[in-house]
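Input sequences plus hints: build the corresponding full structure.
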Amino acid sequence: MLRIGCPWCGEREEIEFSYGGQAHLAYPQDPHALTDEQWAQYLFMRDNPKGLLRERWVHSHGCRRWFNVERHTVTHEITAIYKPGEPPPARRA
Amino acid sequence: MASTERASPLAAWPARFAAASASATDFTIRELPFTTQINVRGNAADAAFAAATQAVLGHGLPAAANTWAGTAERAALWLGPDEWLVVAPDGMNESIVAALRNSLDGQHAAVTDVSANRTVIEIAGSHARAVLGKGCPLDLHARAFSPPQTAQSLLAKAQILLQCADIRPAFRLYVRISFAPYVAEWLIDAATEFAASRGLDAQRIAARLA
Amino acid sequence: MSGAFRIPGAGHIDRAQPLAFRFNSKSLQGCAGDTLASALLANGVHLVARSFKYHRPRGMFTAGNEEPNAIVQLERGPHTEPNLRATEIELYAGLVAASVNCFPSVDFDLGVLNRLASAILVAGFYNKTFMWPKSFWKKFYEPVLRNASGLGVAPDAPDPDIYDRLHWHCDVLVVGAGPAGLSAALEVARQGLRTVLIDEAPEPGGTLLQRPAQIGGIAGAAWAARAAAELDGLANVLVLRRTSVFGYYDHNYLMALERRTDHLGPGRAPGIARKRLWHFRAARVILATGAHERPIVFGNNDLPGIMLANAACTYATRYGVALGRRGVAFVNNDHGYALALDTQAAAGNLSLIVDARPAADPELARRAAGAGVRALQGHVIARALGGKRVRGVDIRTCAGTNAGRVECDHLLISGGISPAVHLFSQAPGTLRYDARLACFLPDRASQAVEVAGALNARLQLASALADGKAAAARTLAALGRAPAALATSAALTASSAASAGFVPPATVAATAAGTPAPGPVPDELHIEPLWSVQSLLGRKLPGKHFIDLQNDVTESDIRLAAREGFRSVEHAKRYTTTGMATDQGKTSNVTGLAILAEALGKTIPEVGTTTFRPPFTPVTFGALAGRDRGTLSDPVRITPMHAWHAANGAVFEDVGQWKRPWYFPLPGEDMQAAVARETRALRTTAGVMDATTLGKIDIRGADAAEFLNRVYTNAWTKLAVGSCRYGLMCKPDGMMMDDGVTARLAPDRFLMTTTTGNAARVLDWLEEWLQTEWPGLKVYCTSVTEQWSTVAIVGPNSRKILQALAPDMDLSNAAFPFMTFREGEVAGLRARVFRISFSGELSYEVNVPSWHGLALWQAVIDAGKAHGLTPYGTETMHVARAEKGYIIIGQETDATVTPQDLGLAWAVSTQKDFIGKRSFARVDTRRTDRKQLVGLLPRDKSFVAAEGSHLVASPARAVFDPASGSPSIGHITSSYFSPNLGSGFALALIANGRALRGQTVYCVRDAGPQPMTVGDPVFFDPEGKRRDGID
Ligand SMILES: [Zn+2]
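Protein chains in written order, with our numbering: chain A, 9 to 101; chain B, 47 to 256; chain C, 167 to 1197.
It should be emphasised that the hints constitute simulated quantities derived from the structure, not laboratory data.
Predicted model only: the values in this text are computed from it and were never measured.
Beta carbons: idealized from backbone N, C-alpha and C, even for Gly.
Do not rely on the hints blindly, as some may be mistaken.
Stated by the list, open to error - Computed spacing ranges between beta-carbons, pair by pair:
id	chain 1	residue 1	chain 2	residue 2	range
1	C	P913	B	A97	19 to 27 angstroms
2	C	E396	B	A97	52 to 60 angstroms
3	A	L33	C	E1113	32 to 40 angstroms
4	B	A242	A	Y90	50 to 58 angstroms
5	B	R147	C	P326	55 to 63 angstroms
6	B	D92	C	P913	46 to 54 angstroms
7	B	S141	A	H80	48 to 56 angstroms
8	C	P781	B	S141	53 to 61 angstroms
9	B	A242	C	E396	24 to 32 angstroms
10	B	P127	A	L33	17 to 25 angstroms
11	C	A395	B	A242	21 to 29 angstroms
12	C	E991	A	A41	41 to 49 angstroms
13	B	E140	C	A970	21 to 29 angstroms
14	B	D92	C	G822	35 to 43 angstroms
To be verified - Under the rule of at most 20 angstroms between Cα atoms (straight-line distance), these lysine to any residue pairs were calculated in the SDA-like manner:
id	chain 1	residue 1	chain 2	residue 2
15	C	K1050	C	T938
16	C	K1078	A	W47
17	B	K203	C	K1107
18	C	K897	A	P57
19	B	K203	C	G796
20	C	K706	C	T567
21	C	K897	A	L10
22	C	K1050	C	P1128
23	B	K203	A	L10
24	A	K91	C	T938
25	C	K897	C	T921
26	C	K944	B	R76
Below, the structure is given as structure tokens:
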């Protein structure tokens, strides 16, 4: 069970949050300008690293805000948390 | 013509609340039915918005996350960076909604009466923190959760808005009405341990949360 | 007198409080402070169990949580609990316990027949033998095996006890209250940190209570009591006794089980939760979980009377119990040697130490000589002799020479230590094998944790105390607790909280993973590794050589597994079942893998350990369930009208957590009759339904219409104020997500309705797009689901009924047309009335603030009496909507269905863009053979297909032939009997279904394929004449 630092509410238990999948997959400016392959890439393809992943969470039982988390998929160590629209922090070596 | 009586979701519960409060040492539970509750959305950083709400409420909307401002009876609770719950005694919902909408006219803001959406259950006494701790994962130690703290979280399997309303301590649980019987039942069950002459380590636990 | 083997004056028991108890129907007496195990041993009872596979006699092997043998059934009736360890059960007056695994008694056990067959009961025997013939498994092998195996019996009555749960946050959690844990806890507690100290014993002290010890001139036990008293007196410290930490999860989340009343006996603390499940979140953790002693494998090493050295020492020191009159010890390390001498100091019954090493520590050797204990260096025990009790040992030199037989009635074993790395490993932390100490030690932590004491191979008292202090110092440093105050301990006052963006600065440091203690681990063991005497001597020795006592796994089983090709320790473990019993191999895992490594010709680190998983000790289901049982097992959500429904005989259906009326049977009616009556009323007079559970979202702002344009597939800009529209929501992949009617309350304000089950999901979805993709849109969404109660008045007479309640409202079709709403007074209540329909009938949905819901409902019922108004439930709603071909999200859809598949292309804009639109141009969504929604009528009108049934094109295809692939052309999504049609009917998704209209398909069922005719999904009033009323 993770402890996640909501950028607004502070550290709370994982059960208060919902997972939103990989972060930084912006909705395409003009989906109709994309080929089927490009659109399928947006819809279906996701990174699945053994290591750091930037992902979205929403504090669904709390302040209902979406935000971004950088988490290690093996150790669950959370290395960064930032609000939507903010640039992701530089990756640790 | 039919009745225009209102019914709170826990209208049938006062006797059980009284019994639970009487049998436990220093623990009380009751419903505060029909509490006026207004959901307010707007840009906290906008001076005009702040002024317009302050003018109606007589106090500012709290900027700090998970806190409340005002008095126990008339308060504004932080719900999110652009969302608050204004609470007031029964019967003030229409006047406050009208006043806020009037005051905020022309601004990008939303004022919604949600007085019937949730009811309020108040628990108080030295065992209140332990009762909540049986189902709520928040840090409920007095150092971490005292007035003017609030939090939105879970109690067992129900979503709650929790307000530490008094240092006594007294907590107000804002609960959606369909969940109210479940939460009431759960609280009474969790408090049975504090009935007189029972409790084993109850005093020790209470002292370590105070 | 509490037993013939009680040592006068010894032990921390209360001789003034004798306790009578029964074991295997025999009345015995112990003392307050005893465990069941110590009380039995005090009475000279060693034989307490029969082993799992061979039914060999077994006795107490340990004095703690690692016990593999002394597994008992405690109490009877509803309070009975199987598979408890006698070494952990605190004695109380009237205790009743019995051995498991034996029939008819532990002394005369029929299962002993297995021993005669032991030559064939080798590793993998069950797998190899009972696989064939297959048909024998269910009828023969399984029942026989189930009878023969299994441990105790589960209670067959409901659990009469209550259980509890408590969440707790702290700065430092110390696990283990032995010398290291106590000294660490004192250090952090004195700094004012929120500290928790947990130990599984009734009192803190650990080994201080189990061995003679002196700290600063006072006895170890007294020092521990003083430390516990100091900690108990601090309000910032919680000391939990009788509590086992069993799981170490992510981000320093630990769970523990507190046994609160078990020591009092069943039913003696009414109203008190028997066990409490603790959920801890700790900024930092200090593990001082100690070490388990390890046996040495030799012939018949499982006989009763053979026990680990620290257990013998504990029984003598803590409980004042001697294991017998004449003891022998078999060791390969100084720690075990010292434990044997400590036992001798208390019990005075040790005659010989057999030490496999050439020499012991000179100081220990002098102590032995002084105590009159003979020591044989460079010798081993090859075999124990005896039946139900050890009565002697065969001794050899390390070269294998026979060195004679020595008589004894108990034997102490110490083959080294296995630090209790379980929690550290779960954390997860990595382990390293220390060849010098012949054990696995904590290595790298991935969480904020320190280790101390015997877990860290500090076995000497002074060393353990110092190690605890050092771990505390590292913990304090990590918490920034040198000069500066810690956020969680500095009072978070009103003013500081008000300015909080939260996240105390200390938590950043607190999450840093623990660092291993600096410097090398000292050698306080001086061990010469000895796993198996057979392999040391390089020859086969008589007797059975056990590794895992609880699962009866022998050395030869491990060697057999290696010969049969098991290379991975994880596979060998499962094949031989080493370490898979309820003791989780606490005394056997390392020995097993050392022997496996030897058999494979590898080193121990090369083979590695198996994975440690929670729970460290068994946890009862009752404790896990806690308060979430009975009516509290899950929230039951009810509407304000629920009491009326219940009082009027409603049968309820669970819709998610909601209880919704399913149907309202009259006396004597079954479901079919009730639904037939309700459906008829709805189509001929009027029905009323509680529709409160629909999700409702208030959407406001200058960009509200634009927002709806983007999230709904149809257009919203031109919707007039006062009007409603049916909307479809899709995911970006074009698949249906939700639907509902949305009304325009004002130019910048809409009220959206969602399906009952999707209310929260849709609000989250809207917020997700507003917050992450379109933060520039001026829109606010607020849930008002439970602000409003909704009463649907449906049917030809609905207008008359509503008119009676709202005399001032103009309900004519011209003034109040379909798909509009009006605000006004209904039954004297301020209401919002929507003219929408989910049945095809004239229909009004009246919304009032939910505190008026019951009053409105009652008023509608009263007003409807003159017009044949009938309350109806979800089943009638379903029949009526399905007759009209109206879909339900989650029933007709399953995240692979587009609006076009459902024939809802009319609700999909070809002009504007919206979420999902791009996907409708994908090749896959344009396929003509996609499954499409159709209606089905059975040839046999009485046939009501099961929802989910598969459909095939011909009767022949109803028989599945793997060679020709799936014969299914689709499936039934909704199926009911329609009293209006006088026939069963169904909605179905069929590949290219619209092209099959008029054709016959076959519903697959056990009784044979049922022919059904494909048609339009609208079965009733296809022209839609009824929605304006038929009067
Ligand atoms: Zn939050």
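Consistency of the hints with the structure:
1. C/P913 to B/A97: 19 to 27 angstroms: holds (25 angstroms)
2. C/E396 to B/A97: 52 to 60 angstroms: Holds: the Cβ-Cβ distance is about 56 angstroms, inside 52 to 60 angstroms.
3. A/L33 to C/E1113: 32 to 40 angstroms: At roughly 36 angstroms between Cβ atoms, C/E1113 and A/L33 fall inside 32 to 40 angstroms, so the hint holds.
4. B/A242 to A/Y90: 50 to 58 angstroms: holds (52 angstroms)
5. B/R147 to C/P326: 55 to 63 angstroms: holds (57 angstroms)
6. B/D92 to C/P913: 46 to 54 angstroms: violated (22 angstroms)
7. B/S141 to A/H80: 48 to 56 angstroms: holds (53 angstroms)
8. C/P781 to B/S141: 53 to 61 angstroms: holds (57 angstroms)
9. B/A242 to C/E396: 24 to 32 angstroms: holds (31 angstroms)
10. B/P127 to A/L33: 17 to 25 angstroms: holds (24 angstroms)
11. C/A395 to B/A242: 21 to 29 angstroms: With Cβ atoms ~28 angstroms apart, the hint holds.
12. C/E991 to A/A41: 41 to 49 angstroms: Since C/E991 and A/A41 have Cβ atoms about 53 angstroms apart, the given range 41 to 49 angstroms is violated.
13. B/E140 to C/A970: 21 to 29 angstroms: holds (27 angstroms)
14. B/D92 to C/G822: 35 to 43 angstroms: holds (39 angstroms)
15. C/K1050 to C/T938: This hinted pair is violated, its Cα atoms lying about 39 angstroms apart.
16. C/K1078 to A/W47: The given pair, whose Cα atoms are some 18 angstroms apart, holds under the 20 angstroms limit.
17. B/K203 to C/K1107: Violated: B/K203 and C/K1107 sit about 45 angstroms apart, past 20 angstroms.
18. C/K897 to A/P57: violated (25 angstroms)
19. B/K203 to C/G796: With a Cα-Cα distance of about 14 angstroms, the restraint between B/K203 and C/G796 holds, given a limit of 20 angstroms.
20. C/K706 to C/T567: Holds: C/K706 and C/T567 sit about 14 angstroms apart, inside 20 angstroms.
21. C/K897 to A/L10: violated (28 angstroms)
22. C/K1050 to C/P1128: violated (38 angstroms)
23. B/K203 to A/L10: holds (18 angstroms)
24. A/K91 to C/T938: Distance of about 10 angstroms is within 20 angstroms: holds.
25. C/K897 to C/T921: holds (16 angstroms)
26. C/K944 to B/R76: Judged against 20 angstroms, a Cα distance of about 40 angstroms means the pair is violated.
The structure shown violates the earlier hints numbered 6, 12, 15, 17, 18, 21, 22, 26.
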